[in-house]
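Chains as they are written, first to last, in our numbering: chain A, 1 to 444; chain B, 1001 to 1444.
Worth flagging that the hints you see were computed from the coordinates, not collected in a lab.
Being a predicted model, the structure only gives us computed values, none of them experimental.
From the three backbone atoms N, C-alpha and C, an ideal C-beta is built for every residue, glycine too.
Treat the hints with care, since some could be wrong.
[Said to hold, decoys possible] So, partial list: chain B residues that the calculated Cβ filter (under 10 Å) puts toward chain A:
#, residue
1, A1222
2, G1276
3, F1277
4, E1281
5, I1283
6, I1291
7, T1303
8, L1331
9, G1351
10, H1352
Each chain, letter by letter, is given below.
There are 2 protein chains.
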Amino acid sequence: MRASHLEDFYSFLRFPSVSTDENYSGKLTECAHWLVEKLSGIGLRAELVPTPGHPVVWARNQHREGRRAVLIYGHYDVQPPDPLELWDSPPFEPVLKDGYVFARGATDNKGQILSHILGVQETIEQRRELPVNLHFIIEGEEEIGSGSLGNFLHQNRDALKCDTVVVSDTGMIAPRTPTLSYGLRGVAALELKVTGPKMDLHSGIYGGAVANPATALAQLLATLHDREGRVAIAGFYDRVAPLEDWERKAWQKLPISPDKEMLRETGAPALFGEAGFSTLERIWARPTAEINGIGGGYQGRGTKTVLPSYAMAKLTFRLVPDQKADEIIALAEKHLKKNLPPGVTLEKTAGHHGPWYLTDPHNRFGQAAQRALQKAFNAEVALIREGGSIPIVSDFRNILGVETLLLGLALPGCRAHSPNENFPLENLDAGIRMNKAVLEELAV
Amino acid sequence: MRASHLEDFYSFLRFPSVSTDENYSGKLTECAHWLVEKLSGIGLRAELVPTPGHPVVWARNQHREGRRAVLIYGHYDVQPPDPLELWDSPPFEPVLKDGYVFARGATDNKGQILSHILGVQETIEQRRELPVNLHFIIEGEEEIGSGSLGNFLHQNRDALKCDTVVVSDTGMIAPRTPTLSYGLRGVAALELKVTGPKMDLHSGIYGGAVANPATALAQLLATLHDREGRVAIAGFYDRVAPLEDWERKAWQKLPISPDKEMLRETGAPALFGEAGFSTLERIWARPTAEINGIGGGYQGRGTKTVLPSYAMAKLTFRLVPDQKADEIIALAEKHLKKNLPPGVTLEKTAGHHGPWYLTDPHNRFGQAAQRALQKAFNAEVALIREGGSIPIVSDFRNILGVETLLLGLALPGCRAHSPNENFPLENLDAGIRMNKAVLEELAV
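Given these sequences and hints, build the entire structure.
Okay, structure coming up:
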């Protein structure tokens, strides 16, 4: 690892580019300027594009007719560092310990996007030019929902025309195991409010004569699943595409122990999920109905003998191919209406939703990515899906009409979003090699 | 109504004797001193008894051998007046409107206890002495749980020896309908916490592989009742004494429309309760299991896609003769343990409990009370139970060994604990007549 690479990494990490807190706005702009300078310094045409939120950094090499065009996406904003007292060292003063750099944003996403920048730097130094027409798009609002990115892509759709997108903002299933994520779950939100009396009532004076909305809500929510963990909404699974054989086999052979790791990471007393599926299948390829929050009545210390006026729950459904968010929300609403206990009313408010994502890892670009990963890590490539949702991937598909290669460099213990976030220098190095290899392979 | 009675009422109401707020401590003591002065002024031996909380006012006439002893209980503390903006006139500046006095404490409990004081005053004025040995016990902590009263009763057990207790702190079922409450429900509290993962998890990354504690809690709470509103805990009804025939008949003949009034008062979309019982039976004579509060995960605006680490619920059971609080809590705990869904753990914390109360309205003192009510109101007496719990009644039974006559003067629209609390002068007058009659009847 060159000393200058480490210096770049530390400089990048020292910006407290916390997008969730408006007080840091100036720091985000400083960080974006640093990126423009860095990208210009390695020979790209870099610019800072203002948005209603934080600026987008856009850098290109000299494009030439007839070459493949690749868009590498990343973000320079980071999560807040709180709670500060749980950090072993200050979050914006990077330190190296046992080969790991500790700082907020080390993994998510500064280390990962920087490895691409440094890979491009090395290629240009060694060969004077890149094998592809390249775009770097590095935004400052990923941690707050990428609100300005869609508009930016729309406005620059023609200039951004490309063959594929490369994103390193996902995980590796284990150290030194190169990982290509080819699928993501979608999400659809629904909020429920069950109302009974017009105000909280004295549970002694009125209890027994009117329905308790918290009880009614519990009874209603209990109808969402059967005893074996299946979602009990009629039609919920109708469009779910079965896992392909090669996927099931590939996942069984992954060099990890998902059940053991899931228990250790979550601290749950036992695993539980839809009957008939493995842990990886449950989180990567099966839809869910989760209660994200529930509330009603008195939640303070001690006892307050109220019969609550209302109780509410926030639900999200994770969706998989080929489910449709609108359809699932409609089925859920129908189910809830049908199962509403007597004596209460129900309000339903559909919230945000984002589609699932699935691409074929065996197509031309997927194969190129696999060759690059194999070359960079000198190990067999894990082909996985992920359980979360990455809305920008759908933006790239819907606005630019291209698929995304998710080549994650985050390790299971990287503590993204948590205190003591870290990134191994080994992965910065591997990321540099991966960038060089993937641009080369995609050029073919 | 004498002008001086109204002046006394206004003076009493002007003290902001809010026991829930420590800033008002001085005002409570001032109010207690005013009572001592008033009670001394009418010829009783009155004293202010300090407690670790607010003082107890204790007043006695000259006791004589061979007479019945009666203890009249009331309280001079009041609920906070908030929210102030909902009052039509300042809560501690009493005003008379259409025969009703509006002020915090007008009904609960200053108007009611004052009618007893004024009744005693008139009897002494007219006859120079009372027909019974009398104790007034007027405390200042009723709205905060009567924490000092039990100790006061214990310490003065011998001096307070009496035949019966009279309390006017309950309701009349309708205007001009004298009401004797002979039963109260008990209460037993149980808090539940269902825990899954050791911290909130990302519902995309983990959802599907571990149990969701909010879902598990909902499923658990849904087992507490059957679809017809019965509590589904095995053994829950085993000790419930059936309603006596005379009660069922008496309640059916009450000059009220309980269902219509319950709907109007609560604003609930429909009534709902245990199958096979009327509204009055459900709230006065049947036990319940109510969720007073439920909470877990994200309850703020919008969506946060967490799989909560835990979810909790606060339960109280209302108990009726001959249920035992400890036994019900044990049965509930057994039920919850048995019905706990997989993948989570359950913590149970039993809270406070208080026994139900039931006395025979047809015994000697009950009959005396009925004659007095009939005489004071010149109307047929309603014999009812109430759904709430009044712990001091059990204190009187357990410490002094006597039953309590609940001769309430509160009207359904009195708005105790709410803005625009009020008490009709008609009831102050009737209360004075009732006091005179009840002491006379109890003396026999």
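Do the hints match the structure? See the list:
Hint status for A1222(B): holds, given a least beta-carbon distance of 4 Å to chain A, under 10 Å. Here the hint on G1276(B) is broken, as its CB sits about 12 Å from the closest CB of chain A, past 10 Å. The interface hint given for F1277(B) holds, since its Cβ lies 8 Å from the closest Cβ of chain A, which is under the 10 Å cut-off. Because the beta carbon of E1281(B) sits about 9 Å from the nearest beta carbon in chain A, less than 10 Å, this interface hint is met.
With its C-beta approaching chain A no nearer than about 5 Å, I1283(B) sits inside the 10 Å limit, and its interface hint holds. The criterion of a C-beta within 10 Å of any C-beta in chain A is met by I1291(B), whose closest approach is roughly 4 Å, and the hint holds. For T1303(B), the suggested interface contact is upheld, since its CB lies about 5 Å from the closest CB of chain A, less than 10 Å. Evaluation of the L1331(B) hint against chain A yields a violated restraint, the C-beta minimum of about 18 Å exceeding 10 Å.
Look at G1351(B): its Cβ gets to within about 5 Å of chain A, closer than 10 Å, so that hint holds up. For H1352(B), the suggested interface contact is upheld, since its CB lies about 6 Å from the closest CB of chain A, less than 10 Å.
The structure fails to meet hints 2, 8 from the earlier list, while all remaining hints are met.
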